[in-house]
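Make the full structure from the sequences, and use the hints.
The numbering of the sequence shown is numbering that gives the first Met the number 0, which starts it at 0 and goes up by one.
Everything labelled a hint here was simulated from the structure, so no lab data went into it. Treat the hints with care, as some may be off.
As the list claims (entries may be wrong) - With a straight-line Cα cutoff of 20 Å, these simulated SDA-like cross-link-like pairs (lysine to any residue) come out:
1. K234 <-> E61
2. K234 <-> I182
3. K195 <-> R44
4. K234 <-> K195
5. K189 <-> P248
6. K195 <-> E176
7. K195 <-> R177
8. K234 <-> F170
9. K195 <-> Y174
10. K234 <-> A256
11. K195 <-> F288
12. K195 <-> P26
13. K234 <-> A133
14. K195 <-> I182
15. K195 <-> E180
16. K234 <-> E291
17. K234 <-> R140
18. K189 <-> V112
19. K234 <-> T139
20. K195 <-> L184
21. K195 <-> E25
What the hints assert, rightly or not - Pair ranges (Cβ atoms, derived):
22. R177 <-> G111: 21 to 31 Å
23. R230 <-> P154: 40 to 50 Å
24. K189 <-> E61: 36 to 46 Å
For every residue, glycine included, the Cβ atom is placed at its ideal position computed from N, Cα and C.
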Amino acid sequence: MRFLVWVLSLSMTGCLSFHGGRMAGEPRSATFAAVRGARVRFVDRGQGPAVVLLHGFASSLETWDRVVPVLARRHRVIALDLKGFGWTDRPAGDYSPREQAALVLALLDARGVDRAAIVGHSWGASIALAMALAAPRRVTRLALYDAWAYEDQLPTLFVWARVRGLGEILFRLFYGERPDERIALAFHDKRLVTEKLATDVERALDRPGTLAAALAAVRGQRYDRMERRYRTIRKPSLLLWGREDVVTPVSFGERLANDLGARLVVYPRCGHFPMLEAASASNAEIDRFLAEPGP
0 MRFLVWVLSL SMTGCLSFHG GRMAGEPRSA TFAAVRGARV RFVDRGQGPA VVLLHGFASS
60 LETWDRVVPV LARRHRVIAL DLKGFGWTDR PAGDYSPREQ AALVLALLDA RGVDRAAIVG
120 HSWGASIALA MALAAPRRVT RLALYDAWAY EDQLPTLFVW ARVRGLGEIL FRLFYGERPD
180 ERIALAFHDK RLVTEKLATD VERALDRPGT LAAALAAVRG QRYDRMERRY RTIRKPSLLL
240 WGREDVVTPV SFGERLANDL GARLVVYPRC GHFPMLEAAS ASNAEIDRFL AEPGP
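Structure, rendered in structure tokens:
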């Protein structure tokens, strides 16, 4: 009975709140650009052909800490916190892959970049694909890690969260728990799931507006129409996947490789984060791929 009362009280608290502007703890060294009504955090390193790095759901540009130094040796590397995550604003509005793709393209305009290779991880891969569909001239090639790109990849929580009111309750319950177990699912080597990592994730989720943005991003994930167009993408494409990934099983990598005509590289003893669990091998692979001659 107490649990029912608690759930009902949650349902009466109304919508989750979005947020714009500076947040407590914002790094002093962070750089921002005003893009499509949002204050977007980014890094811009190196010189050469442009490469854009897109992190996954509820993550940040720190995902690429081991990748940026490698690629920046011969590329201009731009990584950003996507709208709603990291230190970027959490405004109300559309968080679909198509809208996030428009935001990334607008950031490239602001940085004077016309064309770029697009690298995406997990949910960020769906944004990379949306960019290739919306602005094919501006995308030179695609490199996708453990891509999240199909309607039947969505967990039950995400499907139920589409229901107004119910989604707000589910997100408060699900993300109100400490994230240790959820993080552990993403890694084959559980030693990587440290107390510091769990604390950092918990603090990021506690930033104002994050739950509202995360729920909006989930509600924007409707891939049924988008996935029908993947075969129209004509770009050199590389897929990097962890064989032990239980978040996005390798069967989806095989499916996407077939749809894109892509090369699929699978790493043993690796989960959802090849850039962490197979850092040396995946960095060398993507560096070679980006150096290949092409458009």
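Each hint tested on the structure:
1. K234 <-> E61: Violated, because 27 Å separates the two Cα atoms, which is more than 20 Å.
2. K234 <-> I182: The given pair, whose Cα atoms are some 32 Å apart, is violated under the 20 Å limit.
3. K195 <-> R44: 27 Å, violated
4. K234 <-> K195: Violated: K234 and K195 sit about 39 Å apart, past 20 Å.
5. K189 <-> P248: Distance of about 18 Å is within 20 Å: holds.
6. K195 <-> E176: 16 Å, holds
7. K195 <-> R177: 12 Å, holds
8. K234 <-> F170: With Cα atoms ~37 Å apart, K234 and F170 exceed 20 Å; violated.
9. K195 <-> Y174: It holds: about 18 Å lies between the C-alpha atoms, which stays within 20 Å.
10. K234 <-> A256: Answer holds: K234 to A256 is near 12 Å, not above 20 Å.
11. K195 <-> F288: Distance of about 33 Å is beyond 20 Å: violated.
12. K195 <-> P26: 18 Å, holds
13. K234 <-> A133: 13 Å, holds
14. K195 <-> I182: With a Cα-Cα distance of about 12 Å, the restraint between K195 and I182 holds, given a limit of 20 Å.
15. K195 <-> E180: 14 Å, holds
16. K234 <-> E291: 13 Å, holds
17. K234 <-> R140: Satisfied, since the Cα-Cα distance of roughly 5 Å is no more than 20 Å.
18. K189 <-> V112: Given pair K189, V112 is violated - Cα atoms ~39 Å apart, limit 20 Å.
19. K234 <-> T139: 7 Å, holds
20. K195 <-> L184: Measuring from Cα to Cα gives roughly 17 Å; hence the hint holds.
21. K195 <-> E25: Given pair K195, E25 holds - Cα atoms ~18 Å apart, limit 20 Å.
22. R177 <-> G111: 21 to 31 Å: 43 Å, violated
23. R230 <-> P154: 40 to 50 Å: Once the Cβ atoms are compared, 25 Å apart, the range 40 to 50 Å for P154 and R230 is violated.
24. K189 <-> E61: 36 to 46 Å: Since the Cβ atoms of K189 and E61 sit about 20 Å apart, the hinted range of 36 to 46 Å is violated.
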